[in-house]
Each structure stands twice: as C-alpha cells, then as structure tokens.
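Undergrad: Add chain B to chain A, keeping to what the hints say.
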Amino acid sequence: MSATSGKFLVGIFDDEDVLLHSIPDIRNSGIKILEVFSPFPLHGLDEALGYERSKLDVAAFFFGLTGTLTALTMISYMMFFDWPMMIGGKSNFPLPDFIPVTFELTVLFCAYGMTITFFIISNLLPGVKPILFDKRCTDHKFVMAIDLSKNKMSEEEITSILKENGASEVNQKEF
Amino acid sequence: MKLEEKLVIDERFVFTTKAKNKVFTIIGLGLFLFALGMYMVMSGGGHHEDAHGAVQAAGHAAKGHHEAFNWMTRVWVNLWHNTVFFAGVSVMGVFIVAYNYVAYAGWSAGLIRVPMSFGSFLPYAFGIMLIVFFFGHHDLFHWTHDGLTDPNSPHYDRIIAGKSGFLNTPFYLIRMVIYFSLWIYINHLIRKNSFAEDINGTHTYWHKNTIVCTVFLIIFGVTSSMSAWDFVMSVDPHWFSTMFGWYVFASWHVSAIAAVTLIVVLLKERGYLTIVTENHLHDLGKFMFAFSIFWTYIWFSQFLLIFYAHIPEETVYFLDRMKNYGNHYTGIFYLNIFINFIFPFLVLMTRDAKRHMIILKIVSIAILFGHWLDFYLMLTPGTLKGHSGFGPLEIGTALVFLGVFIYVIANALSKAPLVAKNHPMLEESLHHNI
Numbered sequence: 001m002s003a004t005s006g007k008f009l010v011g012i013f014d015d016e017d018v019l020l021h022s023i024p025d026i027r028n029s030g031i032k033i034l035e036v037f038s039p040f041p042l043h044g045l046d047e048a049l050g051y052e053r054s055k056l057d058v059a060a061f062f063f064g065l066t067g068t069l070t071a072l073t074m075i076s077y078m079m080f081f082d083w084p085m086m087i088g089g090k091s092n093f094p095l096p097d098f099i100p101v102t103f104e105l106t107v108l109f110c111a112y113g114m115t116i117t118f119f120i121i122s123n124l125l126p127g128v129k130p131i132l133f134d135k136r137c138t139d140h141k142f143v144m145a146i147d148l149s150k151n152k153m154s155e156e157e158i159t160s161i162l163k164e165n166g167a168s169e170v171n172q173k174e175f
Numbered sequence: 001m002k003l004e005e006k007l008v009i010d011e012r013f014v015f016t017t018k019a020k021n022k023v024f025t026i027i028g029l030g031l032f033l034f035a036l037g038m039y040m041v042m043s044g045g046g047h048h049e050d051a052h053g054a055v056q057a058a059g060h061a062a063k064g065h066h067e068a069f070n071w072m073t074r075v076w077v078n079l080w081h082n083t084v085f086f087a088g089v090s091v092m093g094v095f096i097v098a099y100n101y102v103a104y105a106g107w108s109a110g111l112i113r114v115p116m117s118f119g120s121f122l123p124y125a126f127g128i129m130l131i132v133f134f135f136g137h138h139d140l141f142h143w144t145h146d147g148l149t150d151p152n153s154p155h156y157d158r159i160i161a162g163k164s165g166f167l168n169t170p171f172y173l174i175r176m177v178i179y180f181s182l183w184i185y186i187n188h189l190i191r192k193n194s195f196a197e198d199i200n201g202t203h204t205y206w207h208k209n210t211i212v213c214t215v216f217l218i219i220f221g222v223t224s225s226m227s228a229w230d231f232v233m234s235v236d237p238h239w240f241s242t243m244f245g246w247y248v249f250a251s252w253h254v255s256a257i258a259a260v261t262l263i264v265v266l267l268k269e270r271g272y273l274t275i276v277t278e279n280h281l282h283d284l285g286k287f288m289f290a291f292s293i294f295w296t297y298i299w300f301s302q303f304l305l306i307f308y309a310h311i312p313e314e315t316v317y318f319l320d321r322m323k324n325y326g327n328h329y330t331g332i333f334y335l336n337i338f339i340n341f342i343f344p345f346l347v348l349m350t351r352d353a354k355r356h357m358i359i360l361k362i363v364s365i366a367i368l369f370g371h372w373l374d375f376y377l378m379l380t381p382g383t384l385k386g387h388s389g390f391g392p393l394e395i396g397t398a399l400v401f402l403g404v405f406i407y408v409i410a411n412a413l414s415k416a417p418l419v420a421k422n423h424p425m426l427e428e429s430l431h432h433n434i
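Residue numbers (my numbering), protein chains in the order written: chain A, 1 to 175; chain B, 1 to 434.
A few of these clues could be false.
Unchecked claim - Computed beta-carbon distance windows for the label pairs: (1) A/49 / B/356: 17 to 27 Å; (2) A/69 / B/308: 48 to 58 Å; (3) B/310 / A/83: 19 to 29 Å.
Unchecked claim - Mimicking BS3-like on lysine-lysine, the simulated pairs with C-alpha atoms at most 30 Å apart in a straight line are: (4) B/20 / B/192; (5) A/55 / B/286; (6) A/141 / A/7; (7) B/18 / B/286; (8) B/268 / B/286; (9) B/421 / B/20; (10) B/323 / A/90; (11) A/55 / A/129; (12) A/55 / B/20; (13) B/268 / B/20; (14) B/385 / A/90; (15) A/7 / A/173.
Calculated directly from the structure, the hints in this document are not laboratory data. Model, not experiment: these values are computed from the prediction. Using N, Cα and C, we set each Cβ at its ideal position, and we do this for glycine too.
This is chain A alone, in the form it adopts within the complex (with noise of 0.2 Å):
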C-alpha cells in the first residue's frame, strides 16, 4: 500500500463474509481494488485479493542473521581481540558462553527488524500521518479502497457494482 494521492473509492462492509464472497465478483468485473482494511484478521483475504505471499519472513531471516553475527563479532572482540579474559579455567573463546548472549541478539535484532518494516510498509512511522480510508474501519466496518486513477469505469459504474455486491455505502475520498 503506497499509493497515497488521488482520488479514491471507499465502500463500506457491514460484513465480512459479505465482503468476502464481494471480492472475486468485483475482480472479475474489472475493478481493481487497492486494498481493503478490516478491524480483525480475515481468514482467506490475501487468496481473495490474490496478493503474493509476504517476503517478511525473508526479512526476518536476515535480521535474524545480522543479530547473530553482531552479537559473535561484538563478545569475540570484547573477550578475545581486545582484552583476552580467561575465565573459569576455560580458554579465552568460549564458545557456548556465548550463545545465549547471540541468540537473545538474535531474536531482538529479528523483533525490532521485523517490526519496523511493518511500520515503514503500513505507514505507521512516528511522525508520518497514516492514510485512513475511513476511521470506522478500525472498529466495526470493513473498508475496501479503490484507486480511481488505476480504474477505467467511471466513478458511477464502480459505485454501483460495490453497491450490487453488497456495499452498503460508497463514499468519495481524496488525499
């Protein structure tokens, strides 16, 4: 979701089974739909919208990694290159010392990696105003946002297909 000037239709779901069932008449109708926001996670959304998997885990993978050799690379300089410490008897690169350590690295570099691309992917940044179609979609309506620049129909035509699909209202919005 980054397109965020133009004009835009928003139709408003009361249900999410109708806007389920909606999607793939919609689509075959020739409308591109830009995305659609739901209060609660939709089983089945992302196969109707017919997105691509996430590459998130991809993401995580190398976050994850760079945690891992961060975390090997800062104790083996500390314990080892810099200042040799030896410590209970052991030689001064203990390696299962240090696992603990990297793996805790590991999963915060993962965590914090992974949820700061969700913000830059969502617009949720501190300082950026996020793009709302409409509040409600946040409580208790299901929202679906087309661009109407993407679209050839014209606005009356696309606003009475979402209407015949069970939309139960059609709003304009622009940004």
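TA: Coordinates of chain B only, in the frame set by chain A:
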C-alpha cells in the same frame, strides 16, 4: 453431508502380503546382520577387544576396580538402546494423541489414528525390556552389582550407596512395571473409546477420551522423567543431571513426531489418508521444526550449565563423549548436533519445505536416525566405555527393531479405519487451511 461427498471416509489400511514381505525382509536382513555382528565381536573383533580389555585391566588393576570388557555387554547395550528408543517413540505416540485431545485440537483429527497406533508396540517393548534387564542388568547397570552398598566390601561405593534407596533392583522393576502398565492401560482405553465412537457415533466417547488423556498427561508428567532416569541416566550412576528427564523426553518426542510424519507421508504415497492435505503436512513439519529446536534448547541448557560450572564430577559426562577414550565418540557427538539441529533447522525453515512430502520424508528419516544416534550417545559411553563400535551388530539390531515396530504399527493401523469418522473435530480438520 459434505464430508462423504469429498472423501473416502471409511478407508481402511490394508496390510498386504507384499508389504508384509517387505517388513520381513527388513527383519531378516537385520537378523542376518545381527548374527554376523555377533560373530564378529565374538571371534575376530571380540578377541582383539578382549585382549585390549585385558591389557587395560592389567594396567588399571593397581588403580582399583576395573571390569574387563565382555563382548556380550555390547549385545545387551545394543538391545537396551533400541528398546528404550522404540519404547519411547511408542509412548510418545500416546502422548501426542493425549495433548491433541486435551487441547481440543482440530487440525489433527484426520490423522489422529496414526499416533494412536504407536502405543500398540508398548507391550512388546515391555517384554523385551524385561528380558534384556533380566539377563543383562550387570552389563548395563553398574549399580546392580553386589557389594557396592556394603561398607565392609572392597567394592563399597559411597555415591551408589547413597542412591540405593532408589536405585535397587526390586524397586527398579516395580517402577518399570508401573510405567508400562499405566501406559499400556491408558493406550488401550484411548483406542477403545475412539473405535467405539466410530460405531456408535456420539460425542460422549470423545469427552471420555479427553478425560482419559488428561489423566495420562498428569501421569506422564511424572513417568516420562522417572523412566528417563531409570532407563537412561542410571547407566551413569555416579553422574546426574536435573535436566535429564526433559532431555530424554525431548528426544523421544521429536522422534515420535518424525515417525508420525513419515508414516503419514508413506500412507499418502500409497493413496491413503486423502483427508490429509499439505496444510496438515505443514503443521507436522512445523512440529518437527519446533521440537528439533526444543531438543537443542534442552540439550544446550544441560551442556552449558555443566560447561560453565566446570565441576569435575559433572563434566566427566561430556568429557567421555567429546574427548575421552581417544576421541572415540567425538564424531558422533558433533554429528548428533548437526543432524538433530542444524539440518532440520535450515531445511525446514521455509514454508515451501514443510509443504512438500519429499522434503518431509528426508528430514523425518534424518531426525529418526539422529535421535536413535542420540540415544546411542547417551547409553554407550557409560556402559561400553571405549569398547563400543558401529558395525553390523548395531545396524542389524536397529533393523530388527524397526521391522518389528513397523509390523506392529501397520497391524494396529489395519485394525480400524484410518480416519476417526465421528470425531467431532473432523469437519474442522477438513477445512484446515494455513
């Protein structure tokens, strides 16, 4: 109903003569290798080892008691190792069924009959275990020797004498009987209720089973740890670890999940279990992945504390496996970590890997072998010291056990329909989608 339209729900697994012959071939090959291995350790290798042992015994005689190596020890350790491993896998089958019932798990309803069949091996495991203990207890368990608890005896051992309230043969046997009779009885109840549900179709059987399974979980919480001390940890009677019950539990559990996955995949390849889709396989893959990490976590927690504390009487356990006996176990020690952690961790990480039968098949076989090796590493250094080997004897015994296990499981699977058709969660399992 929608279910019946889509699926062959009354499908039964047929244990064909052809399949039986394959299993008998495995058992036959195992017996042949076992005999060959026996002959080898008895004659060629055995004499060498005996001579070696005698020299060592002479060398150590001045230092105190040292038992000369007896080739039969290797046979008993082998049998004990395989019995413990396969008994664990079968009781973990009951455990998997139990937590799925108690958690009201829906996804697994379609394949629950597969782990439900595992418990059928328990009576056989119990029988073999009793026989091996009866004939091999002196070879396996140092604490069964006479005179260790008698202060006037030259063999008096203060540590073992201190533990003799728990580690004595009568109490040991009583415990063993208690574990197995509880496990076998509860497995019997679970199977009986589930089969009655097929015929009568009311949900009362399912409710009964959740109660039976809750009781099993409570019992198993204690017996899993205690059986681990008895069957595995007591071969090193001077050493102890408070993590050990969990460690053995983790190893058994992930093996059982790998076995369930492997059997589901094999059944699907033969056209059975149409109800199981790649979504269910994905969940099984996640279980294998997660519990491989869980095993590593437990393994490492035990290792790190001992490594860090650096107390000689504790570190000896890992020294035996990493350095002692001329690096005898070093290779297996590192292979154990590779095959049980790094391999499944990297291979099963992606979503696609967990949804493909061929990858699941490879990883589950690797995990089963890896944890079998893990038990080898738990049991042999304490009993055989540096005299263990890895030859026809070990492979043959494992093949015989594997063959018997497959035969018993396949027989149990063929006794009832593969899908519990009146399981209240079956509809949910059918629509499982992740």
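Undergrad: State for each hint whether it applies.
TA: Status of the hints after comparison with the structure:
Distance hint for residue 49 of chain A and residue 356 of chain B: a CB-CB separation of about 26 Å, consistent with the stated range 17 to 27 Å. Distance hint for residue 69 of chain A and residue 308 of chain B: a CB-CB separation of about 23 Å, inconsistent with the stated range 48 to 58 Å. Between residue 310 of chain B and residue 83 of chain A the beta carbons are some 22 Å apart, a value that agrees with the proposed interval 19 to 29 Å. For a cut-off of 30 Å, the pair hint linking residue 20 of chain B to residue 192 of chain B stands: about 25 Å separates their Cα positions.
Proximity of residue 55 of chain A to residue 286 of chain B is assessed by CA-CA distance (about 18 Å); at most 30 Å being required, the pair is judged to hold. Our distance criterion of 30 Å between C-alpha atoms is met by residue 141 of chain A and residue 7 of chain A, whose separation comes to about 21 Å. With a C-alpha separation of about 33 Å, the suggested pair residue 18 of chain B and residue 286 of chain B falls outside the 30 Å cut-off, and the hint is violated. Note on residue 268 of chain B and residue 286 of chain B: the hinted pairing holds, with a Cα-Cα distance of about 18 Å set against a maximum of 30 Å.
For the suggested pair residue 421 of chain B and residue 20 of chain B, the alpha carbons sit about 27 Å apart, so the restraint of at most 30 Å is met. A distance of roughly 15 Å separates the Cα atoms of residue 323 of chain B and residue 90 of chain A; the hinted pair therefore holds under the 30 Å criterion. Taken as a hint, the residue 55 of chain A and residue 129 of chain A pair is honoured in the structure, with Cα atoms around 25 Å apart against an allowance of 30 Å. For the suggested pair residue 55 of chain A and residue 20 of chain B, the alpha carbons sit about 46 Å apart, so the restraint of at most 30 Å is broken.
Between residue 268 of chain B and residue 20 of chain B the CA atoms are separated by roughly 18 Å; this keeps the pair inside 30 Å, and the hint holds. Restraint check: the Cα-Cα separation between residue 385 of chain B and residue 90 of chain A comes to about 25 Å, which is no more than 30 Å; the hinted pair holds. A hinted pair counts as satisfied when its Cα atoms are at most 30 Å apart, and residue 7 of chain A with residue 173 of chain A qualifies at roughly 6 Å.
Hints 2, 7 and 12 from the list above are not met by this structure, while the remaining hints are.
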